[in-house]
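Chemist: Residue-level listing of the chains:
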Amino acid sequence: MNEKDQDRMKKLLQQALPPVKGDSEPRRDLWPAMLRRLDARPAARALTGWAWFDGALAAGLVALIVFSPASIPVILYYL
Amino acid sequence: MQNGESDVLNQFQQGNAAAFETLFHQHQRAVYFWILRITRNPAAAEDLTVETFWRVYSAHARFEPERGFEGWARRIATRAALDWLRAKKTENEISAEMLSEVAAPAEADPAVTAEIRGKTAMAFSRLPPKLRIAATLAVIEEQPQKDIAAALGISVAAVKLRVFRALRLLRRDLEKQGITP
Numbered sequence: 002m003n004e005k006d007q008d009r010m011k012k013l014l015q016q017a018l019p020p021v022k023g024d025s026e027p028r029r030d031l032w033p034a035m036l037r038r039l040d041a042r043p044a045a046r047a048l049t050g051w052a053w054f055d056g057a058l059a060a061g062l063v064a065l066i067v068f069s070p071a072s073i074p075v076i077l078y079y080l
Numbered sequence: 051m052q053n054g055e056s057d058v059l060n061q062f063q064q065g066n067a068a069a070f071e072t073l074f075h076q077h078q079r080a081v082y083f084w085i086l087r088i089t090r091n092p093a094a095a096e097d098l099t100v101e102t103f104w105r106v107y108s109a110h111a112r113f114e115p116e117r118g119f120e121g122w123a124r125r126i127a128t129r130a131a132l133d134w135l136r137a138k139k140t141e142n143e144i145s146a147e148m149l150s151e152v153a154a155p156a157e158a159d160p161a162v163t164a165e166i167r168g169k170t171a172m173a174f175s176r177l178p179p180k181l182r183i184a185a186t187l188a189v190i191e192e193q194p195q196k197d198i199a200a201a202l203g204i205s206v207a208a209v210k211l212r213v214f215r216a217l218r219l220l221r222r223d224l225e226k227q228g229i230t231p
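So the sequence lines, in the order shown, correspond to chains A and B. Using the numbering used here, you'd call the opening residue of the first sequence number 2 and step up by one each time. Using the numbering used here, you'd call the opening residue of the second sequence number 51 and step up by one each time.
Hints listed in this document are in silico derivations from the structure and should not be mistaken for laboratory results. Even for Gly, the Cβ is constructed at its ideal location relative to N, Cα and C. Check before you lean on any hint, since a few could be wrong.
Claimed, not checked - Here are the computed distance ranges between Cβ atoms for each label pair: (1) Ala207/B - Asn3/A: 26 to 34 Å; (2) Gln7/A - Ala111/B: 22 to 30 Å; (3) Val67/A - Glu116/B: 38 to 46 Å; (4) Ala137/B - Trp32/A: 33 to 41 Å; (5) Lys138/B - Asp30/A: 24 to 32 Å; (6) Glu4/A - Ala111/B: 18 to 26 Å; (7) Ala68/B - Ala59/A: 18 to 26 Å; (8) Asp197/B - Gly56/A: 29 to 37 Å; (9) Ala41/A - Ala164/B: 41 to 49 Å.
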């Protein structure tokens, strides 16, 4: 694809998906939702930054890489 | 950076809740707008703003006050938006109604019909999320490439490559549908 094709694609994309309006802002104050979120999630994870599913995911990834090294490029692609 | 601002950042880094609240109120609009640019979905952008600040709060100990808050929060927001794009089947997300709610009116090119615009939007939503984010911010939102690179945690060259790959995949998809851009 040459530069001309790229420019054509850019113009088409801008026609199909115009940019977001500059004055967009939240429709409500998000602080109450933030407080609910802080109350709902225990502080333990906030302190450690680590949860059981993070560990399970990491273990799964390591197992996949060990047993199927061919999957490494696919994993890197999706990272 | 002014002393007051620097104090707030240092206090936040130490886990001070009041400093976090101050930063939330100072930056929530900017974070929301950045996420909206990526997701183009106001409800999702609101939820992801809260998610972003949750991640910000969780990671306060790793925050480096001398590097500033905005860029750090934007990087976390971008990651949260990318997770959302990956989790969602977005083929049906981009509706005309949603676009008219958040998007500025485009200068209509009479050669581009509504059908072509619709098919282009749908094809774009089928792109891999990490390519879509780069193309959305660079081509549609026309953000500086260095800002995009910083938000994605990659180099400017990598941003250019992702945009190129996104446009090439988009073109192929449209060609399969009989549309020659």
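Chemist: Run the structure past the numbered hints and jot down the numbers of the failing ones, going up.
Modeler: Going through the list in order, the structure violates hints 1, 2, 4, 6 and 7 and respects the others.
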